[in-house]
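*Asks:* Those sequence lines, one after another, are chains A and B. Per the UniProt record's numbering: the first sequence ends with 259, consecutive numbering throughout. Per the UniProt record's numbering: the second sequence ends with 259, consecutive numbering throughout.
Calculated from the structure, these hints are not laboratory results. Since the model is a prediction, treat every value here as computed from it, not as a measurement.
Which chain A residues stay away from chain B? Per the calculated CB distances, all over 10 Å, these:
no., residue
1, Arg14
2, Gln26
3, Pro112
4, Pro114
5, Glu140
6, Asp147
7, Gly157
8, Gly160
9, Arg175
10, Asp207
11, Gly224
12, Gln226
Which residues of chain A face chain B? A partial, calculated answer using Cβ under 8 Å:
no., residue
13, Gly37
14, Phe38
15, Gln42
16, Glu45
17, Leu46
18, Ala52
19, Leu53
20, Gln126
21, Ala129
22, Gly237
The C-beta atom is built at its ideal place from N, Cα and C for all residues, glycine as well.
Protein chains: 2
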Amino acid sequence: MSSASSFAQPSRSRSWDALSQKDAAQLDLDLFSPEFGFGTEQLMELAGLAVALACARAYPLQATSKSDESSSSSSSSGRVIIVCGPGNNGGDGLVAARHLRLFGYSPEIVWPKPTEKQPMKNLLVQARAMRIPVVETVTEDALRKADFVIDAVFGFGFKGEPRAPFDALLTSMIRSGARVCSVDVPSGWDVEAGPDESKEYAKLQPDVLVSLTAPKPCAVHFRGRQHYLGGRFVPPGIAERYHLRLPEYPGSEQIILLD
Amino acid sequence: MSSASSFAQPSRSRSWDALSQKDAAQLDLDLFSPEFGFGTEQLMELAGLAVALACARAYPLQATSKSDESSSSSSSSGRVIIVCGPGNNGGDGLVAARHLRLFGYSPEIVWPKPTEKQPMKNLLVQARAMRIPVVETVTEDALRKADFVIDAVFGFGFKGEPRAPFDALLTSMIRSGARVCSVDVPSGWDVEAGPDESKEYAKLQPDVLVSLTAPKPCAVHFRGRQHYLGGRFVPPGIAERYHLRLPEYPGSEQIILLD
Numbered sequence: 001m002s003s004a005s006s007f008a009q010p011s012r013s014r015s016w017d018a019l020s021q022k023d024a025a026q027l028d029l030d031l032f033s034p035e036f037g038f039g040t041e042q043l044m045e046l047a048g049l050a051v052a053l054a055c056a057r058a059y060p061l062q063a064t065s066k067s068d069e070s071s072s073s074s075s076s077s078g079r080v081i082i083v084c085g086p087g088n089n090g091g092d093g094l095v096a097a098r099h100l101r102l103f104g105y106s107p108e109i110v111w112p113k114p115t116e117k118q119p120m121k122n123l124l125v126q127a128r129a130m131r132i133p134v135v136e137t138v139t140e141d142a143l144r145k146a147d148f149v150i151d152a153v154f155g156f157g158f159k160g161e162p163r164a165p166f167d168a169l170l171t172s173m174i175r176s177g178a179r180v181c182s183v184d185v186p187s188g189w190d191v192e193a194g195p196d197e198s199k200e201y202a203k204l205q206p207d208v209l210v211s212l213t214a215p216k217p218c219a220v221h222f223r224g225r226q227h228y229l230g231g232r233f234v235p236p237g238i239a240e241r242y243h244l245r246l247p248e249y250p251g252s253e254q255i256i257l258l259d
Numbered sequence: 001m002s003s004a005s006s007f008a009q010p011s012r013s014r015s016w017d018a019l020s021q022k023d024a025a026q027l028d029l030d031l032f033s034p035e036f037g038f039g040t041e042q043l044m045e046l047a048g049l050a051v052a053l054a055c056a057r058a059y060p061l062q063a064t065s066k067s068d069e070s071s072s073s074s075s076s077s078g079r080v081i082i083v084c085g086p087g088n089n090g091g092d093g094l095v096a097a098r099h100l101r102l103f104g105y106s107p108e109i110v111w112p113k114p115t116e117k118q119p120m121k122n123l124l125v126q127a128r129a130m131r132i133p134v135v136e137t138v139t140e141d142a143l144r145k146a147d148f149v150i151d152a153v154f155g156f157g158f159k160g161e162p163r164a165p166f167d168a169l170l171t172s173m174i175r176s177g178a179r180v181c182s183v184d185v186p187s188g189w190d191v192e193a194g195p196d197e198s199k200e201y202a203k204l205q206p207d208v209l210v211s212l213t214a215p216k217p218c219a220v221h222f223r224g225r226q227h228y229l230g231g232r233f234v235p236p237g238i239a240e241r242y243h244l245r246l247p248e249y250p251g252s253e254q255i256i257l258l259d
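Okay, chain A solo, but in the shape it has when bound (with noise of 0.2 Å):
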């Protein structure tokens, strides 16, 4: 792996377009706000959704992979790892856990800290209502043995260092050579620049990505096997006023799987 800047492509045309963290941070002020009206849970809740089905697809059951058309697709027993970051990243983590176990994965929730925020701690009661493990943290063995590792610490608001726990967690994840699947950003990475050799942390290299509402700047340095956007919400006002360029998703689609 080379450093962050040998990664640019300028010249590759793409379907899509980046939304910067800043104006990623604005869009996500507008949706609550009382002139779109969406609310936390609800977003958190579509979010998470597409990351299980995206999770679903690129990770399709053993049991059910024959009814599967991906060709490049990778069967895998069901045993996940979500590990958690404190913020809305998390969340979506916590919401796409509970979907997998709906739909037959056994996943395993990384929890590092207790909190009192909300919609958090709902969601962390339903996925022990849905008899999913609660765990605080997670050695890089065991991340070792999941067949993949949804990376739900840092999303797009992330800047600067990591702190601790979640430094060890994202060093735990490099080196366990898991097949890790990214909500939004993959951990560690700077969201504009990407991933940064001269950093133990931003190392990652995900399988899959699972980008959310529109891809950050970071996605252009994806090296990974899939890359999806899900987070199909976006009402055309938004659409409109962060100019988002973004490929149709097919029919009644939740995600779109990204050229």
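For this one, chain A is given, so just place chain B on it according to the hints.
*Replies:* Same frame as chain A, now just chain B:
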């Protein structure tokens, strides 16, 4: 159409058991209790999405119908009228309208009365932000001209007689002969006993029924084309408590076509 009592089919074996009106109400309270921790906006989003997905399957858009594999589908130019009641059933309709708009349909919402209730107020803001017309009333003729109509007037809580203006709206829906997709319960039906020929408002015969969580007892009287189940969010503790016997959803599907 004969009287309700002649509809009984005690001998037919089904893949599901019905949930009584009383149990449906208690199950709903349980989901939102601290034990299970769900939120109204969250589950309404999943329920409304399921309704939209069922409509997209039952009435595929002409432009996208090539890829639709269902032989019993009838294509649609996408003009759909969603008639909403004042409660949670109406809320499911508002969510469905928004998703259908995102799927490429041209929905129009009939919302007869101003409301101060959340989450309805926010859902109306979201629908308007999606540039969906919201009107207070609708004529029998307009209903007739729609490709299909979503009946989101009354749900599992309905008892007694419908009040104005919903009584007249139900009569218009019935007289229009429109293809109707009912959300959870065909509006005007007794939740347990089903339709009643002796009452003008209780004669609706929907083309499609989308049961949510579990079919209600009246669903055995459904004589339409397709009966779906949606609301794939029931934790095992709830399923056990109410002895739910439901078919397994395939893969990551949010709806299942019942037999």
